[in-house]
Every structure is written in C-alpha cells, then in structure tokens.
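Undergrad: Sequence:
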Amino acid sequence: MSSVPRREEPAADPISALTFDALSREAQGLRDRLNRFRQALGRHFVGKQTLVDLMTVAAVAQEPLLLVGPPGTAKSDLVLKFREALRIPSEDYFEYLLTRFTEPSEVLGPIDINLLRQGRYIRREGGKLPTARLVFLDEVFKASSAILNALLTVINERKFYQDGAPQPVRLKVLFAATNELPEHAELGALKDRFCLKAACRPVQDRYFLELLDSGLESQTHRELNQKPWAEGHATLEDVLKAHRYLTLIMGRKEAGPDGRELRDRDLFFRDELLREFRRVVQTLTREDGVFISDRKLVKLYRLLRTRAWIFHGGAVERQDLQLLSYLGETREEIDLLEEKVPRLLGLT
1 MSSVPRREEP AADPISALTF DALSREAQGL RDRLNRFRQA LGRHFVGKQT LVDLMTVAAV
61 AQEPLLLVGP PGTAKSDLVL KFREALRIPS EDYFEYLLTR FTEPSEVLGP IDINLLRQGR
121 YIRREGGKLP TARLVFLDEV FKASSAILNA LLTVINERKF YQDGAPQPVR LKVLFAATNE
181 LPEHAELGAL KDRFCLKAAC RPVQDRYFLE LLDSGLESQT HRELNQKPWA EGHATLEDVL
241 KAHRYLTLIM GRKEAGPDGR ELRDRDLFFR DELLREFRRV VQTLTREDGV FISDRKLVKL
301 YRLLRTRAWI FHGGAVERQD LQLLSYLGET REEIDLLEEK VPRLLGLT
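In the numbering used here, the protein residues as written are 1 to 348.
Hints listed in this document are in silico derivations from the structure and should not be mistaken for laboratory results. Bear in mind the structure is a predicted one, so any value in this text is a computation, not a measurement. Heads up, some of the hints might be wrong.
[What the hints assert, rightly or not] Simulated crosslink set (DSS-like; lysine-lysine; CA at most 30 Å straight-line):
no., residue 1, residue 2
1, LYS253, LYS296
2, LYS227, LYS253
3, LYS191, LYS172
4, LYS159, LYS340
5, LYS299, LYS227
6, LYS159, LYS296
7, LYS253, LYS142
8, LYS299, LYS142
9, LYS142, LYS296
10, LYS172, LYS253
11, LYS299, LYS340
12, LYS191, LYS299
13, LYS296, LYS172
[Stated by the list, open to error] Derived CB-CB ranges, DEER-like:
no., residue 1, residue 2, range
14, GLU261, ALA22, 17 to 27 Å
15, ASP192, GLY346, 47 to 57 Å
16, ARG206, ARG331, 18 to 28 Å
17, ARG331, THR285, 15 to 25 Å
18, ARG87, ALA189, 45 to 55 Å
19, PRO70, LYS253, 20 to 30 Å
20, GLU91, GLN49, 25 to 35 Å
21, ASP271, ARG206, 23 to 33 Å
22, ALA17, ARG117, 34 to 44 Å
23, GLU261, ASN179, 42 to 52 Å
24, PHE20, ASP192, 38 to 48 Å
Even glycine gets a Cβ: it sits at the ideal position worked out from N, Cα and C.
Could you put the whole structure together from the sequences, leaning on the hints where they help?
TA: Here it is, written out as structure tokens:
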C-alpha cells in the first residue's frame, strides 16, 4: 500500500529562532505595546479591566484561561474583541459552542473518506482547532468524553492524533467559558488544566448608566461593522515574542558576586515575597481545602513572572500575587479567593 501523505508541516516559526539578545532590544517596546493594548481594550467594556488584564497575562504566558459566569456577562465578547484587537486573521482563530451532541469532527476536522477507504484514519483539520493559534471554546465542560480527552492532549502536549500518530497543533492561546463549574470527578483533569479561572460577573448594580451607554455604543459599532477596539496597539506576534523572551530569561542562570549561581527566583522573586507566596498557598490549601497541584504551582510561578514583567518590567511585587485569587476549582472557591487573597496580602 502506498504511503498516505501527511499534513504538510508548517514552516519553522521565525519567532522560535529569535535570540535573547535580539529580544532584549525589543523588550521595552513589546511591554509598551502590550500595556497600551490591554488599557485600550479595557475601555470598551464596563467593569472588565481586570479580566482584560488577566487575558493578556494568560496569552503571553500561553496558559489556558477559563471564564466563569452566567449568560450575558460578556464572556464571548471579551474573547471576540481580544482577537479583533490583536488583528488575528480568521485562519488563525477557531471558536465553537460545545454541547454533549458536538461531534469530534466539528472541532478537530472531519474524517477524510478517501483515506478511510485506504484504511487510514486522517482528519481534514483545515479551519478547525488543530490549525488555529487562538482558540475559544464556549461551554467547554459540556463536550463529549471523546472531545474532552482530545482537549487534554491538546492542552498538555500541544498535539492531537492522526491515524494513531501525534501531530502538532498550532495552538498558542486558549480561552474557554462556562456558565457553571461542574463537580463531576471525570471533569477534574480538564478543570485542573485551567490554572486560572475567573468570574465574569454582571455589572449593572454598580455601573448601571455606564453599562447602558457602553452597550448601546457597542451595538451601534456592530451594526455599522465598526471595530474601534481594533486599534493596532499590539499584535499576536508581539504576544508570541513576549512569551519567547520570558521563556529565555526564566531559563537563564547568572553568576552572583560571590560566584554562586543565581536562578530566576534569585533575580526576580525576593525572598520575602517567596515566603508570602508560600504562606498564601499553604493557607488556602490547609484552611480552605483549595487543591493546588504541583503542576499548577510551577505554572503559577511563570504566570506571576509574566504579570510582573508586563505591568512593571521587573521583579515580582506584592500586587502580582493577586493572581492567587484565580485558583478556585468550584464557584464557591472562586468567590472565596477573590475576597480572601487580597486580604491575606494586605491589599484591601
């Protein structure tokens, strides 16, 4: 039997070839653009700046983010405008509303019937999740077990399987949304892959008039096909370059004045803040039963460093530790941590 041609591998990513020295020269410009981006995008929402900031941090860190909230709280609109503000083309974007009836072919691509007749199980993934760099999955926990298992592999390994062999996906940024957090044990593994889970709350009680004005303005922009939030402050390339730069800097080791090898935490995470980080984590696990896996702890460190770099360009500061507010596994924990973490940090 003749061999079946596989998907043509994408050309080498030029960003992956950039050196630390080259990116260091761009670092300040990247920071400036990302900060203008998040601040400008936040102005097109009411009471959502914290979520826009969190999305920016998650995107640069390339960590999945789960938005949790009832219908009508702008979860989808946040992602849509985030994508448009970065000017991500349609071929690099995939979104889908999942239900228990959603077939894997709708997300991963349909089976190639001609190849199936030859005994090969190959999906035509064009325009589907495997070819997108930004992915948004709405009601992610309502997916079938087949899709959920595929998502675990995609998130963990950035791969999916074609004819039993792993194939790379292009995924860089994953946002997901849910109206409610399920407590079924079989969904625990997928929930744990979302290191950050943020509540998307109604704002009408606090911002009644502002919401009316902003909502009418947004509806007008949509009907007139206007996108003033797509101002070009930053691009997906900026996000990917920032990720590459931070990956390289976190992997560096330097010699201290006494010849001792200095690691990233020696340079960018002061001892007193590391102790505070550890204290808050231990308090949440021991007093409130919040589950923080070893994997999540490492991801948290990277997220803290990413936020610190974006917001103030250097070492982790106390306010960066507020990311610990987004570790909840249930809606009750999300609400609790949102109030308790700032209090533990003395930031209220």
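Undergrad: Just to be careful, I want the Cα atoms of LYS299 and LYS227 compared with a cutoff of 30 Å; is the pair within it?
TA: Violated. LYS299 to LYS227 sits at ~34 Å, over the 30 Å cutoff.
Undergrad: Range first: 38 to 48 Å. Now tell me if the beta carbons of PHE20 and ASP192 are that far apart.
TA: violated (32 Å)
Undergrad: Between the beta carbons of ARG206 and ARG331, is the distance compatible with 18 to 28 Å?
TA: Taking Cβ atoms as reference, ARG206 and ARG331 lie about 20 Å apart, which means the hint holds.
Undergrad: Does LYS227 pair with LYS253 here, judged by a C-alpha cut-off of 30 Å?
TA: violated (44 Å)
Undergrad: Is LYS299 close enough to LYS340, meaning Cα to Cα at most 30 Å?
TA: holds (21 Å)
Undergrad: Would the pair LYS159 and LYS340 pass a check requiring their Cα atoms to be no farther apart than 30 Å?
TA: violated (37 Å)
Undergrad: Would you mind confirming whether the straight-line C-alpha gap from LYS159 to LYS296 stays at or under 30 Å?
TA: Judged against 30 Å, a Cα distance of about 20 Å means the pair holds.
Undergrad: Check whether the Cα positions of LYS296 and LYS172 lie no farther apart than 30 Å.
TA: holds (18 Å)
Undergrad: Given the hint that LYS191 pairs with LYS172, does the C-alpha gap stay at or below 30 Å?
TA: Holds, at roughly 18 Å.
Undergrad: CB of ASP271 to CB of ARG206, is that within 23 to 33 Å?
TA: For ASP271 and ARG206 the Cβ distance comes to about 39 Å; the hint is violated.
Undergrad: Holds or violated: LYS142 and LYS296, Cα atoms, limit 30 Å.
TA: Since the Cα atoms of LYS142 and LYS296 sit roughly 23 Å apart, the hinted pair holds (cutoff 30 Å).
Undergrad: For the pair GLU261 and ASN179, does the Cβ-Cβ distance stay inside 42 to 52 Å?
TA: Roughly 49 Å apart at Cβ, these two residues keep to the hinted range, so it holds.
In terms of the numbered hints stated before, the structure departs from hints 2, 4, 5, 7, 15, 18, 19, 21, 24, listed from lowest to highest.
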